[in-house]
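With the hints as constraints, model all of the structure from the sequences given.
Under full-length UniProt numbering, the first residue of the sequence shown carries the number 1, and numbering increases by one thereafter.
Heads up, a few of these hints could be off.
What the hints assert, rightly or not - Straight-line distance between alpha carbons at most 30 angstroms, and here's what the computed DSSO-like set of lysine-lysine pairs gives:
1) Lys73 with Lys138
2) Lys138 with Lys122
3) Lys122 with Lys73
4) Lys62 with Lys73
By construction, these hints were calculated from the structure, which means they are not laboratory data.
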Amino acid sequence: MILTSKTYTMNSDQASILTVNSLGVVQQLPQRAIWKSRHPVTFDDSLPVLQNWIIECETDHKYSTLEPQPLPKRLLCISNSGPQVSVRLMERDSESPSNRRGFYMALSYCWGSSSGFCTIRKNYGEHLRSIPIGQLPKTVFDAVEVARRLGFSYL
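In structure tokens form, the structure reads like this:
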């Protein structure tokens with residue numbers, strides 16, 4: 001049994017609202033080849049399926065938007081310009097107006113009882129310049145990698 005969810009972006013005159021519309025059990029998988037074995041599936045195996053789902057959403061869904069959206073107040077900026085991936089904290093309001101809209105992925109997860117990594121006053125300025133990718137919790141590190149591989153610059 002495999003659970004699947006569908007996410008849609010709906011537009012209104014006031015704002016764009018991102019919602020998870022449904023969660024269900026898949027009986028027949030069009031991408032069955034990915035799940036044909038009981039061995040762990042790698043991200044490289046899953047990437048083409050994720051890319052196809054995004055293309056399907058952009059081309060087939062009535063409420064999908066291809067226009068850059070207003071960015072959240074604070075997010076992670078992912079850069080691929082050098083030999084390594086770099087991540088920094090970005091404050092939307094400190095960016096030029098042309099950089100206040102874009103496409104981004106959202107991550108929602110439970111931090112647990114305590115988080116070993118957090119932006120606080122003491123490291124705020126440092127995180128605006130750069131966040132050592134090795135310090136990120138595994139969940140955030142993986143989300144950065146997914147966003148980067150799917151072509152998103154913001155998380």
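Verification of the hints:
1. Lys73 with Lys138: Holds, at roughly 23 angstroms.
2. Lys138 with Lys122: This hinted pair holds, its Cα atoms lying about 22 angstroms apart.
3. Lys122 with Lys73: The hint holds at about 20 angstroms.
4. Lys62 with Lys73: holds (27 angstroms)
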